[in-house]
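When you get a sec, could you build the whole thing from the sequences and use the hints?
Heads up: the sequence lines are chains H and U, in that order. Sequential numbering from 6 applies to the first sequence in our numbering. Sequential numbering from 659 applies to the second sequence in our numbering.
Keep in mind that the hints were calculated from the coordinates and are not lab data. Only a predicted model underlies this, so the values are computations on that prediction, with no experimental measurement involved. The beta carbon of each residue, even a glycine, is placed where N, CA and C say it ideally should be.
Far from chain H, by Cβ distances over 12 Å, these chain U residues were calculated:
id, residue
1, Phe744
2, Phe843
3, Leu893
Among chain U residues calculated to face chain H with C-beta under 10 Å, some are:
id, residue
4, Met659
5, Arg661
6, Thr662
7, Ile676
8, Asn677
9, Asn877
10, Tyr879
Each chain, letter by letter, is given below.
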Amino acid sequence: MIEVRHLSHSFGPHWALKDCSFQLQKGEFLFLSGPSGAGKTTLLRLLFAGIPVQRGEVRVAGFALNQIKDSAVPLLRRQVSVVFQDFKILPDRSVYDNVILPLQVRGLGRVHSDRRVRAVVRALGLDSRIHLLCGELSGGEQQRVAVARAFVVNPKVLLADEPTGNLDADLSFRLMDLFKQFQAYGTTMIVATHSQELVKRHPEAKIIRLEDGKITGANWPGAMLDNGLAGAPLNGFNTGDGYASGTRSLSLSRQANIRATMRQMGPDGAVERKTTGDDKK
Amino acid sequence: MIRTFFRLVGQGFMGLCINPWAQILTLSAVVLVSFLVGLFLMAITTLDYQLSVVSGETSFQVYWRTGQNQVEIDEQWEDIKHLPGFLLSRTYTPEEALKEMENRLGHTATPRNFAFLSENNPLPATALLTFSPGVREYETWLKETSQYLWNLPGVERVTVTPLRDELGQAWRTVNTYVMRPAIFFLTLLLGLVVGNTVRLAFLGKSYEIEILQMVGAFNWYIRLPLLVCGAVQGLAGSSLALVILRFIHIQIRDVLNFPPLLMEIQFLTPEMTALMLAVPTGMGILGGWVGVKRV
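Below, the structure written as structure tokens:
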């Protein structure tokens with residue numbers, strides 16, 4: 006689903022990424038950790054064609070980003086949803102209008118779109134806020150709107166850049182639990198974070214640690230990294246120290262909501278989505 | 659697809675209601691620029707008109723064929739006096755023309771007496787007709803009067819006065835080297851200012867455009883509402899400017915229409931009016947197009 010080979014990127018004389026390589030299969034979950042300025046955001050931007058690939062090879066959801074034409078970028082972005090740290094939602098529009106936006110862009114029918122939006126909004130606990138303007142919501146609610154907009158299209162890949170950066174610890178853990186729930190239905194996820202606490206709560210996830218643009222450590226079951234860093238020590242990451250992983254902290258009703266949502270999303274849903282050649286790698 | 663198209667066009671109109679103050683300011687800028695350019699064009703049109711019309715009077719020289727029945731010609735001369743704008747006429751029967759020629763040539767001519775020609779006079783009947791048609795619809799009047807004179811039975815030739823020809827020549831030169839470049843320059847100015855104003859207005863939508871690009875919108879999807887919005891702003895702005903111009907024109911039309919100026923201020927020609935509407939609309943559309951950058 007995602008294949009990165011010897012990827013390097015520079016902004017002027019400064020190298021933001023140096024010779025990074027990794028692969029992710031369908032439905033895998035990767036934490037991209039590291040301090041600020043390590044290159045996490047640059048890597049994510051490269052993965053959704055936000056900036057052009059300078060050196061190395063990148064394939065995402067079947068698109069070779071080295072050669073991608075401008076006209077094909079929207080097609081890529083229909084497969085790849087992004088959740089930004091600053092949410093990137095329209096504050097003067099309602100929750101409903103923000104969440105339905107990607108479906109309108111795809112030209113989906115009103116009835117079908119409406120059903121999907123309401124299902125996702127309900128799953129994320131925003132149904133009582135659906136007609137409020139996003140500018141009137143709290144930071145946590147705005148973040149959930151951004152997540153709802155990302156998931157309403159059942160993306161093949163979800164990229165999240167510091168999605169918990171504006172949230173308190175409790176909301177952060179709940180948001181990650183939501184991510185894990187959706188991931189279970191086949192979406193490949195990369196979450197960039199500098200929060201070690203967050204990573205520790207998900208020992209089953211793959212982890213790449215970036216420092217100064219280089220991969221300096223990884224927890225990589227299956228040794229898929231080219232650079233021999235699989236299983237390299239992560240300085241306290243992924244120690245299996247008893248953090249609750251996954252669904253336990255989610256309420257049972259919320260879990261039921263998510264399951265119902267995925268069922269309602271119908272034939273385009275992640276569960277029933279066709280497996281591409283890329284996915285079989 | 660068609661439903662999406664109409665929804666996006668609708669969004670373009672609805673976009674005018676978002677941030678109404680910003681939209682009003684943009685519209686005001688378009689109206690102001692269009693109005694100023696319209697004023698300049700009105701001045702040019704008026705000058706054009708005044709230069710192409712001799713203030714008050716137009717003269718025709720009419721020649722009849724030799725040997726035409728003078729009684730019929732006299733009747734025609736009477737009829738001519740009832741034409742619109744008729745001021746005065748100076749008519750010459752063939753005999754009067756011969757006598758006039760004798761007088762003009764005077765002592766310098768040989769032979770000094772043209773009496774031998776009186777039996778077989780080669781000169782035609784002629785009339786020098788002077789009209790004061792006024793300035794309204796001058797071209798139509800000129801065309802109709804010329805046609806009337808040409809169609810009189812027995813008429814061989816009709817000319818406007820040489821003075822008018824020379825003026826026409828001079829005006830064509832001025833028109834080529836001054837007026838056309840001035841109109842082109844003013845239109846260009848109008849287009850650039852309106853286009854840039856609309857483009858700058860869309861910078862406020864850059865955040866929304868960025869989000870649309872992130873969720874996979876194609877360029878046409880993002881641009882269509884902006885193009886509609888830009889076109890509406892350009893068309894509405896220029897239309898409003900034309901309405902204001904027309905209102906002002908009605909108020910000041912005869913301000914300079916007194917002797918010796920006798921100058922009636924002219925409104926824009928239909929071609930200029932069309933240009934005034936098309937250029938801001940087109941540039942509004944262009945402003946919407948270039949306002950979108952790839953993220």
